[in-house]
Every structure is written in C-alpha cells, then in structure tokens.
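There are 2 protein chains.
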Amino acid sequence: MKRIANRVWRVARLPASGEPVSPELFQLGDEAVPEPGPGEFLVRTVCLAPGPAQRAYLLRAARTGVADALRPGDVMRGRGVGQVIRSRAEEFAEGDIVVASLGWQDYSLQKSGGGDFVFSTRRIAPDMRPLSLALGVLGQAGVTAYFGLLDAAAMKAGDSVLVSAAAGGVGSVAGQIARISGARRTVGLAGSAAKCDWLVRELGYDAAINYREAGLGQRLAEEFPDGIDVFFDNVGGEVLDAGLAHLAPQARILICGFIATQYQAQVAPGPSNYMNLLYRRATMRGYVWFDYWDRYAEAEARLTSWFRDGVLHNCEEVTAGLETMPDCLASLFEGRNRGIRICRVAPDPCT
Amino acid sequence: MKRIANRVWRVARLPASGEPVSPELFQLGDEAVPEPGPGEFLVRTVCLAPGPAQRAYLLRAARTGVADALRPGDVMRGRGVGQVIRSRAEEFAEGDIVVASLGWQDYSLQKSGGGDFVFSTRRIAPDMRPLSLALGVLGQAGVTAYFGLLDAAAMKAGDSVLVSAAAGGVGSVAGQIARISGARRTVGLAGSAAKCDWLVRELGYDAAINYREAGLGQRLAEEFPDGIDVFFDNVGGEVLDAGLAHLAPQARILICGFIATQYQAQVAPGPSNYMNLLYRRATMRGYVWFDYWDRYAEAEARLTSWFRDGVLHNCEEVTAGLETMPDCLASLFEGRNRGIRICRVAPDPCT
Chain S
1 MKRIANRVWR VARLPASGEP VSPELFQLGD EAVPEPGPGE FLVRTVCLAP
51 GPAQRAYLLR AARTGVADAL RPGDVMRGRG VGQVIRSRAE EFAEGDIVVA
101 SLGWQDYSLQ KSGGGDFVFS TRRIAPDMRP LSLALGVLGQ AGVTAYFGLL
151 DAAAMKAGDS VLVSAAAGGV GSVAGQIARI SGARRTVGLA GSAAKCDWLV
201 RELGYDAAIN YREAGLGQRL AEEFPDGIDV FFDNVGGEVL DAGLAHLAPQ
251 ARILICGFIA TQYQAQVAPG PSNYMNLLYR RATMRGYVWF DYWDRYAEAE
301 ARLTSWFRDG VLHNCEEVTA GLETMPDCLA SLFEGRNRGI RICRVAPDPC
351 T
Chain U
352 MKRIANRVWR VARLPASGEP VSPELFQLGD EAVPEPGPGE FLVRTVCLAP
402 GPAQRAYLLR AARTGVADAL RPGDVMRGRG VGQVIRSRAE EFAEGDIVVA
452 SLGWQDYSLQ KSGGGDFVFS TRRIAPDMRP LSLALGVLGQ AGVTAYFGLL
502 DAAAMKAGDS VLVSAAAGGV GSVAGQIARI SGARRTVGLA GSAAKCDWLV
552 RELGYDAAIN YREAGLGQRL AEEFPDGIDV FFDNVGGEVL DAGLAHLAPQ
602 ARILICGFIA TQYQAQVAPG PSNYMNLLYR RATMRGYVWF DYWDRYAEAE
652 ARLTSWFRDG VLHNCEEVTA GLETMPDCLA SLFEGRNRGI RICRVAPDPC
702 T
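Chains as they are written, first to last, in the numbering used here: chain S, 1 to 351; chain U, 352 to 702.
It is possible that part of the hints are untrue.
[To be verified] For each label pair, taking beta carbons as the anchor points, the in silico distance ranges come out as:
| no. | chain 1 | residue 1 | chain 2 | residue 2 | range |
| --- | --- | --- | --- | --- | --- |
| 1 | S | 279 | U | 543 | 25 to 31 Å |
| 2 | U | 558 | S | 320 | 56 to 62 Å |
| 3 | S | 215 | U | 439 | 56 to 62 Å |
| 4 | U | 386 | S | 279 | 36 to 42 Å |
| 5 | U | 373 | S | 279 | 23 to 29 Å |
| 6 | U | 656 | S | 215 | 54 to 60 Å |
| 7 | S | 34 | U | 507 | 47 to 53 Å |
| 8 | S | 194 | U | 684 | 47 to 53 Å |
| 9 | U | 630 | S | 238 | 18 to 24 Å |
| 10 | U | 545 | S | 75 | 56 to 62 Å |
| 11 | S | 34 | U | 589 | 32 to 38 Å |
| 12 | U | 566 | S | 125 | 54 to 60 Å |
| 13 | U | 373 | S | 193 | 48 to 54 Å |
| 14 | S | 279 | U | 507 | 23 to 29 Å |
Treat the hints as calculated values from the structure; they're not laboratory data. The structure presented is a predicted model; accordingly, all values stated were derived computationally and were not measured. No residue lacks a Cβ here, since even glycine has one placed at the ideal position from N, Cα and C.
Bound-form chain S, shown alone (with noise of 0.2 Å):
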C-alpha cells in the first residue's frame, strides 16, 4: 500500500444550545493511514450517510440512548460503506464489503467483534450496486421506516397514510412501503413545490402538500375527507399539529423525529390538538428503529425484494467528496435534502 494520508474529520467544538450544524464544528485534518494490530482490520471509506443522529452525538447531554457524547478532539462519527483493505482479523478478508461506524475519514481501523449493536460491523454482499443502498433503501433508512410503518405504527392495507419530512431519508421510503403495502392512499409534506412533485412523480405519491404554503388544515381536510389512520411524523411542531386535527378513529402517530424543533434554544410548545387523541382514541407512539435491531435481517430481505422486483426506488441524492461531509449534515436541517443524502467518498470498487 502506498503511503497516503488519511483525511479525518474531528469535532472542532460542541454547538451551543440552538447552533445549527456548521463547518466551524469540524475541523479536516491529515493523518497518518493506521495500521492494523492483531484481531483489527483496516477499511476503506466508500461512503457516508449522514444522519439527524450525528447531530445529537454533539449535543452535551447526548439522548440518543445508544452512543456517548462526543468530545473536542473525537473523530466525528457515522456509519458507512467501506471496503476492507488489510486484515489481521480472521472473521474479516482483504476485499469484503462492510457497513460499519467508519467515522468521517478515508481509513479506518475496525475491530473483530467490536463495535456491538447498532455500530456492528456487517459484511454485505458485494453485487448489490451501487454499495450506498445498503445505507440507504436497504440500509437504516429503509429498516427504519419499515418497522416504523408497518409494526410501531402497525399499518395496514387500506389504511390513509401521512408522512411528513416525506422528501427526507426516511421520509421518502416510509410513502413507499406504504404504496407497496396496499395504502389506500399516501399524502407526503414537504417544503418546496419541486420536492413535492418529486414525491408524486417518482416515488408515487398519491398527493404531496407543501406545508409552508398557507391553508395546510384545509389541504389536509381535502385529502384526508375521512381522517388520517396513519401519521408518520418526522417533524414535530406544527406539522405535528395539524395532522393530530384530522385523525381517523384508531389513528396511529408515529413520532419518529423533531426535525422542526429538535435543536431549537427554546422548549418548543407541545402539540395542543394532542387532545384529539382522546377523541379519536388514536395512539401516539415514540419510535427509535434500533428498538427492532434483532429483526434487521427480517426488514433487509423485504426492503432487497422490493428493490429487485422494481416497485422500491432508489432515493438517494449523492454529494461527492469526504471535505463536503458538514454541509451534507447540516443540509438535514434545512431542508436542502431530497431523498436520502449520501456522500461519496471513493468509487464503488471493482469485486
């Protein structure tokens, strides 16, 4: 192996309360490629995703419920495709494809066994290109808006389905499964009228409602004339809100994320319709996928059988270029995103 550097992104600085993700958090650094000690196994970056999740490891009382906080000084942490290119572990080969906790940089040392549950390393099968899926449709954002839907927020055929943040990662394969899944109908939210013609256009959509325009109450009264069953919310806030408005008895509210209100200085006001749960007997339940973690090879075999049978659809939006990785997340919270946001450290390699 020529000697190359390892390009390596570590946290520069914890955000105040309320700071939006910037660069200025990170800072990009040269370092020396390590080198493999017994029972580790060097990987090369092929991408990273990005994730609301890499925003709450910097927050200083992280309540993710799964990893530390990070410090000033820790490589910046996230999950990726990579491939091995040096092992001294007997359970991983020069060659194999893993999905792993990779961290923001070029190269990194992985361990046999190591890293448990949620940032265990997996090995994937190589013919499934291009590689991003599997962090992708096939990956954490289709596993997690899988059991999302179909067990958290138990849907069913016939069932009218809401999803908000619907151009977002999850957002845009949870509309699917809902299609696939015999929805009588599939509205998405979204921020831009381009997003939602996306959302209709190619990911099949029966509707799609720009909430930022006024009258979201009376669109969503047009759409859903006999109530909401399920609501998929990875908003929180407003949107929130206006959806508990318009419930269906037995409704089901999925609250998968805040992105609205998550890091915001200030308590965000609850949702006041939350009253409507009683009214419509509905439930309102808080979801973390990793609560199905045990089930992954279950929601990985359907999500790839969907795929290959052609009615899921690839949604991910490639940026090229590990230095572009803080913009990549903080485009998360601004809704510069469409579909799921991948980024492109090195080419798919050959196998």
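Based on these hints, arrange chain U on the given structure of chain S.
Frame of chain S, contents of chain U only:
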C-alpha cells in the same frame, strides 16, 4: 301506585364556551309519572352517578362519540340504578333492579330492547349492596379503570404506576387495581393533603403527591427513580407534562381525560415534553371505556371477585337528594369530590 309527582331536571340552557357547570343550566320541575305503553316499563330511580361525560352532552358540538348533544328542554341525561315498578315488557318484571340511562329524574320510562350500547338497560343482581356499587367500583368507574390500566395501558406486575386525579372516580379505582395487579409502586396525584392522606390510608397507594404544591417535578423524580412505566392520566395540561418528564423506557401514557383543561374557552397548550415519547420510546394513547363494551362482563366479574375478596374497596362518596345533582356534577370539575360521586335519590329497595 299512589299518585305522586315525578321530579325532573331539564336542560335550561347550554353553557357558553368555557362556562363552568352550575345549577343555572338546569331547571327542576314536577311532572306526572308516565304510564308505560306496550313494551315499556317504568323505573324508579334509586341513585345516579354524575360523570364528566354529562358535561360533554351539554356542549353544542358534542365530541363524546357516543351520544347526541342535549338541547334546552331535554331531560338531563345520566346513568343510574333503579327498580322496575311497573312493566309491560316481557324481559323486565316488577322488582327487577336495572342499570340504565335513567336521566336526572325520579321515574323514567324504559323500552325493552331500547337503549343501545353504553346506554343499554341491564338487569343486575340485587344482592350486592349498596346498589350504587353498580355505578361505581363495579360499574362504569371500575370498568373504565380496569380496561384502561390493564389493557389499553398494558400494565404488568412490577410496573411503577402514576395516576392523576387519583382521588377522582376512575382514579380511585385505577390505583387499587394497580396495587392488586402487582404494581411495584403506585403513586397518586391529588389536589389536597386530605385527599393524599386518603389515597394512602384507605386505598393503598404507596404514596401520594399534592400537585398544587411546588416542586411536582422534584417529587416525581423522588417517587420514580427509575421512571414511570404507566401513567394513567385523567387531567391533562401541566400535570400530563410533568409526568412526561419522568418516563421509564417503553412507558405507556393513558389519556383518559383532561379534567384540567377540557372545558376551557381557550385552547390549552399541548404537553411540550411529548418529545420524551421518542427519547423513551413511549406510547401515549387516548382511551374511552366504551371501546371495550363487548368485554364489559369480563371486567365486571373480576372487579366483583376482588370486591368480595376484600381487596377492592368501595370508594364512593354519597350525597342525598335529586335536587343536588347540578352541584354533584359541578363538584367533579372543582375537585370537591373524593372517590366516586353518587347521588342517592331513593333508598335501596327491599328485595
């Protein structure tokens, strides 16, 4: 039957938005005791149970999901226990004791096969005294607490349980069922020191907190060091929000009522701590007992068995006199009742 008057409470006018219940909304008059026609039978009211739903019937846009809104001039609606004193219906004989929608009056005509669903007329065993039990611990209050706690909130042995409005009709049974069902800890919220004392001494709560005193959050943290597994909430508003700040993982919050805010003219703010639903992967569910109507007999049998065994205590608070009904109803919204409010209209008959 000697000729006597039937005292009847009719609706005088509907309350304005946010207007509290008061005697001015009703008018008491003497009317003739009606004569049953074919298929009808005459019931003499023994006791009545005021309930929050009766306030809801007076709203112009009634959202109870069960009954039509009342209009001025209508007999005030309410469930009670009575005795059949004259019958031209095959299924009911003179002397039968029934639970039915009797209304706020001494005598009412009931139809055989009439009164669907939660307004159905049911014959009850006359040996369980006082007969008011069938309106309280062994009736709607008990059944509401039973299915709410054990089914909708899925309480299991070992759970730590919080009940709000714990000295209210449903709450005073819910806490007892939690204790009987093996709760690790049952804590009640009530609005006075006297009520808190009653909860612990009489009903077997492990602890009780006066929510009107400062430091509710601190007290909840002390009582639930490992968090709340089940929160049976009858209150809403700030009390709900306080509970949401102390959830255990996988917690279940039952929205059984919002006595604190339901009839305010202004829309109350939502619970800003709803975000903990995600962090704790918790479920908040709106619950109305009549969704379990077809399993009523199951609850009744279990409650009766516990009552006979002496572990479930009658916690009714009886006042006498049909003329007190408006005040009885108002008391529910002013925190003046302790336990299940019963209005005795006539003595339990000898059978």
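| Unmet hints by their number, sorted upward, for this structure | Violated hint (a single one): 11; every other hint is consistent with the structure.
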